[in-house]
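**Student:** Those protein sequence lines, which keep their order, are chains R and A.
Per numbering that gives the first Met the number 0, residue 0 is the first one in the first sequence, and the count goes up by one each step.
Per numbering that gives the first Met the number 0, residue 0 is the first one in the second sequence, and the count goes up by one each step.
Hints listed in this document are in silico derivations from the structure and should not be mistaken for laboratory results.
Since we're looking at a predicted model, the values are computed, not measured.
For lysine-lysine, the following DSSO-like pairs were computed, each having C-alpha atoms within a straight-line distance of at most 30 Å:
1) A:K119 <-> A:K8
2) R:K8 <-> A:K119
3) R:K8 <-> A:K64
Listed here are the chains, written in short residue letters.
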Amino acid sequence: MSKKPSMKKELIPVLFLTIVVCIAVIALTLTNDATNKQIEDGKVSATVALLSELFPEMTDYSYDDATAIYIIKQNSDVIGYSYSISGNGYGGAIDILVGVQKTDLSDGNIILQGISIISQKETPGLGTKILEDTFLTQFQDLNSDDIALSQNGGQIDAITGATISSSAVTDAVSQSIADKIEDLRQLNSEVS
Amino acid sequence: MAFFKNFNKGILKENPVLVLLLGLCPTLAVSTSLDNALGMTAAVLFVLISANIIVSLIRNFTPEKVRIPVFIVIIATLVTIVDLSMQAFLPDLSESLGMFIPLIVVNCIILGRAEAFASKNSLKDSVADALGMGVGFGVAIFLVSFFRQLLGTGEVSLFGVGLSLPGLSANPMAIFILPYGAFMVLGCLLATMRYLEVRKNG
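Please put together the full structure from these sequences, using the hints given.
**Tutor:** Quick look at the structure:
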């Protein structure tokens with residue numbers, strides 16, 4: 000039983016795997032560096048595209064870090080606010096961008112500009128109908144008191160066969176108004 | 000000759016999905032549209048070819064004991080490269096394939112071919128094998144996607160170009176878009192494959 004040669008034999012696989020991992024790390028670092036900026040830019044431009052879809056008059060926007068609210072501007076006049084929320088859909092999280100019109104934001108005077116879906120994993124052909132205009136346009140210019148499915152006394156008609164998806168979006172938007180209203184009023188008093 | 004033999008066997012005789020029953024998870028999960036099928040096939044083909052090339056090149060000095068971890072590291076690296084590149088340059092496709100790009104790491108086709116073929120065969124044969132298996136996977140996922148999209152939404156489209164069946168698109172059979180529809184379509188395809196095989200041999 001000589002121990003030395005077997006030690007050496009044992010080391011070769013370890014060294015080999017270490018070298019492979021090192022090469023893999025280098026390859027991944029290079030890929031990450033090459034794609035990182037592109038991925039971030041893509042996310043930002045996707046958000047800007049969604050914002051300008053909600054607010055066609057938008058010429059500029061700023062982002063308030065503390066409250067995570069986008070302030071939408073038209074030639075330096077604030078015309079509205081926007082923020083993203085997440086609802087629990089049938090297939091996972093539904094990320095929604097909510098637009099609120101600039102008013103004095105007192106109770107009963109909160110009016111939605113509209114909403115758009117950032118990402119979703121709903122059932123294709125059923126839940127994905129939340130992406131269609133027939134559903135989304137119902138939120139345009141809607142008073143915050145009316146954000147509920149019509150079966151619950153609101154103004155939103157649920158999609159046939161996709162009640163869970165419809166109510167996930169509606170409930171998330173309605174809940175977000177309650178959660179964000181103080182932040183919105185605060186911002187509103189600062190900008191005006 | 001051997002090149003084409005190795006290429007051909009993946010498409011029909013040893014089709015990874017329809018005969019070997021490997022890689023069923025992405026075949027069932029993302030086969031809701033032809034666009035998804037194309038994206039998935041491209042990703043799998045790239046990873047499969049690169050993994051087979053690398054594994055075949057290092058086959059003579061890969062220590063037996065650590066070969067599986069080495070293969071996994073290589074495959075995981077390649078998949079991450081695909082995932083990041085797709086997020087950067089094809090964000091929409093990346094969004095719709097979602098989790099199933101990272102999951103290529105554990106796709107049995109790739110580790111299976113690295114272990115069963117590329118680690119024992121020359122570079123040329125390994126490339127042929129990867130191409131054949133990749134195309135075979137593509138054929139299977141395209142077939143499943145075609146039937147699911149056609150029956151489930153009433154229209155078939157690739158890059159937005161396609162046709163729709165007027166009667167069906169007004170009232171599609173949404174069950175085929177749902178997960179169990181995938182099992183039904185795949186089951187029918189497997190049965191058809193067996194039927195053709197038995198008829199040919201019998």
